[in-house]
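**Q** Chains as they are written, first to last, in the working numbering: chain D, 1 to 146; chain X, 1 to 146.
Watch out, some of these pointers could steer you wrong.
[To be verified] Here's a subset of chain D near chain X, in silico, CB distances under 7 Å, partners left out:
(1) Ala20
(2) Arg95
(3) Ile129
(4) Leu145
[Stated by the list, open to error] Chain D is faced by these chain X residues, among others (derived, beta-carbon under 8 Å):
(5) Gly29
(6) Ala33
(7) Gly64
(8) Ser98
(9) Ile101
Quick caveat, the hints were computed from the structure, so don't treat them as lab data.
Backbone N, C-alpha and C define an ideal beta-carbon position, used for all residues, glycine too.
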Amino acid sequence: MRCGILLTTLLGLLVSHGAAQNSERRDIEGKLLALERVGKLQAIQLKDLKMLDEVLDENFVLVDQDGLQLNKAQVLAYVQKATSLRYLASEMTARLHGNTAIVTGVYRLDGVLAGRRFEQHGRFVDTWIERKGKWLAIASLSTPLS
Amino acid sequence: MKAILSLIFLCCSPTILLRAQQTDAAPSGAIRALEHEWVEAQSHNDNRALDLILDNAVVYVEYGQLVSKADYLLRIKHQDPSTDEIVMEPINVRVFGSTAIVTGSYRETQRRAGMRSLTRWRFVDTWAYKKHSWVLIAAGSATIRD
Numbered sequence: 001m002r003c004g005i006l007l008t009t010l011l012g013l014l015v016s017h018g019a020a021q022n023s024e025r026r027d028i029e030g031k032l033l034a035l036e037r038v039g040k041l042q043a044i045q046l047k048d049l050k051m052l053d054e055v056l057d058e059n060f061v062l063v064d065q066d067g068l069q070l071n072k073a074q075v076l077a078y079v080q081k082a083t084s085l086r087y088l089a090s091e092m093t094a095r096l097h098g099n100t101a102i103v104t105g106v107y108r109l110d111g112v113l114a115g116r117r118f119e120q121h122g123r124f125v126d127t128w129i130e131r132k133g134k135w136l137a138i139a140s141l142s143t144p145l146s
Numbered sequence: 001m002k003a004i005l006s007l008i009f010l011c012c013s014p015t016i017l018l019r020a021q022q023t024d025a026a027p028s029g030a031i032r033a034l035e036h037e038w039v040e041a042q043s044h045n046d047n048r049a050l051d052l053i054l055d056n057a058v059v060y061v062e063y064g065q066l067v068s069k070a071d072y073l074l075r076i077k078h079q080d081p082s083t084d085e086i087v088m089e090p091i092n093v094r095v096f097g098s099t100a101i102v103t104g105s106y107r108e109t110q111r112r113a114g115m116r117s118l119t120r121w122r123f124v125d126t127w128a129y130k131k132h133s134w135v136l137i138a139a140g141s142a143t144i145r146d
């Protein structure tokens with residue numbers, strides 16, 4: 001009888017611990033999606049280089065949908081150079097792997113660069129890591145939708 | 001006893017041996033080896049090796065579409081290895097604690113109905129260190145446009 005009560009209590013604790021972990025995971029994933037919207041999409045649209053500088057790690061690397069590889073400085077220069085940028089995203093999901101997260105989504109980017117209008121539509125895969133309580137983007141891939 | 005041990009040793013594929021060794025190797029070297037092993041496994045329809053390389057929650061983007069691990073393994077299982085050839089070009093590995101970003105390019109030759117096509121791709125792979133080994137948690141590539 002006592003054994004049964006102990007087992008039930010233990011199972012209850014495990015279930016509650018698991019539920020707390022799931023809830024924490026969902027909270028972090030939600031926070032990352034918000035960070036994508038504000039730290040990336042909004043920052044690019046508003047040409048907020050300060051915000052981009054904060055969320056991109058110094059070793060950030062981006063591969064764009066033309067297969068070009070850019071580092072952080074090149075991304076900031078690109079955003080600064082553009083006359084106008086409009087960046088919309090949908091179908092965003094975040095997957096947490098410890099202190100690493102993968103965020104994916106479908107994007108539509110259009111704007112004017114060096115006097116030429118351009119439009120891109122594709123899927124992105126972003127990698128984020130948590131460092132000292134702060135999430136930083138370390139890599140991003142954009143690829144056209146087939 | 002010796003015979004049993006020998007049998008176990010013989011049954012161990014290079015994949016398993018490599019995974020056992022990678023805990024002692026420098027992360028960058030282990031990841032480079034795994035990238036090579038991934039290409040080899042794919043070209044030999046080695047789903048057992050691929051199952052160990054890919055995390056169950058891997059985010060894999062192929063031609064702009066999200067592909068689950070199960071769908072990827074199914075495709076590889078039925079793929080004729082003589083139709084596609086992948087030649088890796090130099091890669092770059094950046095390690096961020098228990099996360100690693102690999103960027104690089106590769107040439108893919110496809111043979112269909114007597115026709116041969118060559119495509120160059122730039123990729124971004126994300127690896128995470130989980131339970132004493134590195135696993136692929138995200139991968140995708142974009143065609144390099146000349």
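**Q** Hint by hint, note whether the structure agrees.
**A** Verification of the supplied hints:
For the restraint placing alanine 20 of chain D at the interface with chain X, the shortest Cβ-Cβ distance is roughly 20 Å, beyond the 7 Å limit, so the hint is violated. The interface hint given for arginine 95 of chain D is met, as the beta carbon of that residue sits about 6 Å from the closest beta carbon of chain X, less than 7 Å. Below 7 Å, beta-carbon pairs count as interface contacts, and isoleucine 129 of chain D has one with chain X at about 5 Å; its hint therefore holds. The interface hint given for leucine 145 of chain D is met, as the beta carbon of that residue sits about 4 Å from the closest beta carbon of chain X, less than 7 Å.
Here the hint on glycine 29 of chain X is broken, as its CB sits about 19 Å from the closest CB of chain D, past 8 Å. Interface restraint check: alanine 33 of chain X against chain D, minimum CB-CB distance 20 Å, threshold 8 Å, status violated. Look at glycine 64 of chain X: its Cβ gets to within about 4 Å of chain D, closer than 8 Å, so that hint holds up. At its closest, the beta carbon of serine 98 of chain X sits 7 Å from a beta carbon of chain D; the interface hint therefore holds under the 8 Å criterion.
Hint status for isoleucine 101 of chain X relative to chain D: holds, with the closest Cβ pair at about 5 Å, below 8 Å.
Violation of the numbered hints given earlier is confined to hints 1, 5, 6; the remaining hints are satisfied by the structure.
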